[in-house]
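**Student:** Sequence:
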Amino acid sequence: PPAQQFRSPLHCAEISDDGLVYACDRASDRIQVFMRDGTFVREAFVATETLGSGSAWDIALSRDSEQRFLYLADGSNKKVHILDRETLEVLTTFGDGGRQPGQFIGVHSIATDSEGNIYTTETYEGKRLQKFVFRGLGTGRAADQGVVWPN
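Heads up, the sequence shown is in full-length UniProt numbering, so the first residue is 1 and it goes up one at a time.
It is worth saying that the hints were derived from the structure and are not from the lab.
Since the structure is predicted, the reported quantities are computational estimates derived from the model, not experimental observations.
Watch out, some of these pointers could steer you wrong.
20 Å max Cα-Cα, derived SDA-like pairs, lysine to any residue [stated by the list, open to error]: (1) Lys-78 / Val-33; (2) Lys-78 / Asp-96; (3) Lys-78 / Gly-97; (4) Lys-127 / Thr-112; (5) Lys-131 / Gln-103; (6) Lys-127 / Ser-109; (7) Lys-78 / Thr-48.
Please model the complete structure; the sequences and the hints are all you need to start from.
**Tutor:** Set out below in structure tokens:
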């Protein structure tokens, strides 16, 4: 079973409108969910084959009334994962390594605005901010969707 403690210092925390705390355990490739009093609720592992700096770098929540989506910045794999906030299932992933629009050198931070736009900032040699306009998701599974921004 996975460790109950964080593998490295907590890398991010985000509080949802319903009071749940979402935490990045970066080096363990996981998101953990707690109640405000610290009671553990659930966890999910993302890109578990990631070594070194891990896959859970930062979290942002969608701004719709249900906060249906959780956006996970994955700097090691140069991607953003979109998860269903209730189930923590990865719905789709976008990005890839590179310097072109939609690609990342090291996506480090992520945020959303009231219009549903997604903003990322990069560390290492990326040194930029990108804005992504969210248009929604299809009904297919993530495994069937392919790459949103191919090389």
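**Student:** Against the 20 Å threshold, does the CA-CA distance of Lys-78 and Asp-96 hold or violate the hint?
**Tutor:** 5 Å, holds
**Student:** Quick one, are Lys-127 and Ser-109 close enough, alpha carbons at most 20 Å?
**Tutor:** Within the cut-off at roughly 11 Å; holds.
**Student:** When you check the alpha-carbon spacing of Lys-78 and Val-33, does it fall within 20 Å?
**Tutor:** The hint is violated at about 24 Å.
**Student:** Checking one constraint from the list: CA of Lys-127 to CA of Thr-112, max 20 Å. Satisfied?
**Tutor:** 19 Å, holds
**Student:** Quick one, are Lys-131 and Gln-103 close enough, alpha carbons at most 20 Å?
**Tutor:** Since the Cα atoms of Lys-131 and Gln-103 sit roughly 12 Å apart, the hinted pair holds (cutoff 20 Å).
**Student:** Is the hinted pair Lys-78 and Thr-48 satisfied, with a Cα-Cα distance of at most 20 Å?
**Tutor:** Measuring from Cα to Cα gives roughly 14 Å; hence the hint holds.
**Student:** Check the hint pairing Lys-78 with Gly-97 against an upper bound of 20 Å on the C-alpha distance.
**Tutor:** 5 Å, holds
Hint compliance for this structure: hint 1 is the single one not met.
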